[in-house]
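Enquirer: Listed below are the residues making up each chain.
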Amino acid sequence: MAEIPMREGYGKALAAYGAVNPNVIVLDADTSASTLTHFFAKQYPQRFYNIGIAEPCMIDMAVGLALGGKIPFANGFAALLALRALEQIRTCVAYARTNVKIAASYAGVSDFKDGPTHHSIMDIAIMRAMPQMTVIVPADANEAGAWVPVIAEYDGPVYLRISRAATLPVHQSSVTVQIGKGITLRDGGDVTIIAAGSMVGRSLLAADQLAARGLDARVLEMHTIKPIDAPLILQAAAETGAIVTAEEHTILGGLGGAVAEVLSLHHPVPLEMVGVHDTFTRTAPTTELLMDAFCMGVEDVTAAAERVIQRKR
Amino acid sequence: MYFHPDSQIIELQERARDLRLDSLEMIHRRQAGHPGGSLSAADIVAALFFHKMRIDPQNPEWPERDRFILSKGHASALLYAALAQSGYFPREDLRHWGDLDCHLQGHPDRLKTPGVNMTAGLLGHGVAVGVGIALAARMDGLPFHTYVLMGDGECQGGIVWEGAMAAAKYRLANLTAIVDFNNVQLDGTVQDILPLEPLADKWRACNWAVIEINGHDMRQILQALDTAGEIHDRPTVIIARTTKGKGVSFMENKSQWHGAAPNDAQLAQAIAEIKGARHHG
Numbered sequence: 000m001a002e003i004p005m006r007e008g009y010g011k012a013l014a015a016y017g018a019v020n021p022n023v024i025v026l027d028a029d030t031s032a033s034t035l036t037h038f039f040a041k042q043y044p045q046r047f048y049n050i051g052i053a054e055p056c057m058i059d060m061a062v063g064l065a066l067g068g069k070i071p072f073a074n075g076f077a078a079l080l081a082l083r084a085l086e087q088i089r090t091c092v093a094y095a096r097t098n099v100k101i102a103a104s105y106a107g108v109s110d111f112k113d114g115p116t117h118h119s120i121m122d123i124a125i126m127r128a129m130p131q132m133t134v135i136v137p138a139d140a141n142e143a144g145a146w147v148p149v150i151a152e153y154d155g156p157v158y159l160r161i162s163r164a165a166t167l168p169v170h171q172s173s174v175t176v177q178i179g180k181g182i183t184l185r186d187g188g189d190v191t192i193i194a195a196g197s198m199v200g201r202s203l204l205a206a207d208q209l210a211a212r213g214l215d216a217r218v219l220e221m222h223t224i225k226p227i228d229a230p231l232i233l234q235a236a237a238e239t240g241a242i243v244t245a246e247e248h249t250i251l252g253g254l255g256g257a258v259a260e261v262l263s264l265h266h267p268v269p270l271e272m273v274g275v276h277d278t279f280t281r282t283a284p285t286t287e288l289l290m291d292a293f294c295m296g297v298e299d300v301t302a303a304a305e306r307v308i309q310r311k312r
Numbered sequence: 000m001y002f003h004p005d006s007q008i009i010e011l012q013e014r015a016r017d018l019r020l021d022s023l024e025m026i027h028r029r030q031a032g033h034p035g036g037s038l039s040a041a042d043i044v045a046a047l048f049f050h051k052m053r054i055d056p057q058n059p060e061w062p063e064r065d066r067f068i069l070s071k072g073h074a075s076a077l078l079y080a081a082l083a084q085s086g087y088f089p090r091e092d093l094r095h096w097g098d099l100d101c102h103l104q105g106h107p108d109r110l111k112t113p114g115v116n117m118t119a120g121l122l123g124h125g126v127a128v129g130v131g132i133a134l135a136a137r138m139d140g141l142p143f144h145t146y147v148l149m150g151d152g153e154c155q156g157g158i159v160w161e162g163a164m165a166a167a168k169y170r171l172a173n174l175t176a177i178v179d180f181n182n183v184q185l186d187g188t189v190q191d192i193l194p195l196e197p198l199a200d201k202w203r204a205c206n207w208a209v210i211e212i213n214g215h216d217m218r219q220i221l222q223a224l225d226t227a228g229e230i231h232d233r234p235t236v237i238i239a240r241t242t243k244g245k246g247v248s249f250m251e252n253k254s255q256w257h258g259a260a261p262n263d264a265q266l267a268q269a270i271a272e273i274k275g276a277r278h279h280g
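As you go down the protein sequences, you meet chains A and B in turn. Under numbering that gives the first Met the number 0, the residues of the first sequence are numbered 0 to 312, in order. Under numbering that gives the first Met the number 0, the residues of the second sequence are numbered 0 to 280, in order.
Worth flagging that the hints you see were computed from the coordinates, not collected in a lab. Just so it is clear, the structure is predicted and the values come from calculations on it, not from any experiment.
Calculated pairs, DSSO-like style, for lysine-lysine (alpha carbon to alpha carbon, straight line, at most 27 Å):
| id | chain 1 | residue 1 | chain 2 | residue 2 |
| --- | --- | --- | --- | --- |
| 1 | B | K168 | A | K41 |
| 2 | A | K112 | A | K11 |
| 3 | A | K225 | B | K111 |
With the sequences and hints as input, model every part of the structure.
Expert: In structure tokens:
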């Protein structure tokens, strides 16, 4: 599988789906050459609105289009959508339950070169706190594309988190995804690594390294952070007795928080969280270096797995 | 421009008074709500609901209905009174506004109340949401018009101007905003808190058509709405000069009555004044 940027998988899938569903409208906030909605814009200029560097306005416009029966995809940088346009999303999308799809690009630390202002490491926590919101974090370009028709055909607000980067490939282009249903990528009995986004590929590498050390790690991809697949988590807790979460996000309130809530309420087992440790990040020459520097390396996953296995008894 | 006979003007003035009475009784009963901005916008809302808008209260989701968005969602009592008087739901419901099991929320909720096209409350959303609705109408070739009723203080927020620029970009002649410019907001007068003037120039600079009227002169309101419908190359804003708390002497131009409820004696006096105005024009 060739490594292509997740945003490219998304942008091309959106343009392709435009032919299938004439109700899909695409909005962007002067970032279409970055989010790669320009593929859609070129093919369907009458269904593309570039409204400038005004993310709150873009979200409210998308709300109006949804009220008019359209299926708007509102695109921009995750840091701006989840922070600057947050009240629009809370009031007019989530509370008013309008059928708006928020495609939040450049998520996590994938905009490595622009630095912490452009990084988005708390968006999952924010979006997950919102009633009526569905939060989806694809692992790679193929999966990002696979979500386009699925979320378009789901009736309700969705936050789709898109990386700028070419994450480690995990899926074939034929991957099928279902909201709220995690994917078991690797079976194992000693520990379960529950990962989302770019950390899925890294967690599979970590499982390989753990296997070389005689440890049998299960890897679950938890693409839907909300609604979280509690049965799959609880089955893993019961069968492996130890959990590691891994995400390109702060460990506060994101995937780790969601898994911790499920475990502590229903089946407490030792848990370790891999992610950004309550700190702002930095500028770096590559996303990969930045992830390694902020506790999201493959070694961070293997170390967490070894720690949590030690805590089992 | 259409001819509006005196009988029509008088009837709509009566409807505006009924809206004022219902709004005050609702706010008094609940001991919560926003009388000042409900009274200031009553004439505009009467003109829209009982004359201008093509709506079907028996079919609230009719795709071709004109859309009304109360961007100044705190005037919810006024909207609820208009919806009930139009027949969207029984007037008896107004007595239960704010009860835990009542569909009438503190601020309008599109999912709970028939006839509410968009949820509102926190200020600023109406124009930008209206842009999306108007674009969808254009795409589908639907002939309806979208009306957004805003407060003046609301225009202090940047999102209003983001929406204004977007509406102008797409030349949305099927979108009309009405600013209830009563010049009083929660903490005081608009010019003291954050001046808006020259407000008409601001909208003109955003490439909107601007009509300035006395927002309590029913004939001017009707003519402005007619004129807005005849402008085909850009959105229109009607800047309606109004009086906060209009019709109740002790509420007029008082920021204290932005969000305070009258007691029994105050309600009785307010009702007497509004009913008295009925006889004295």
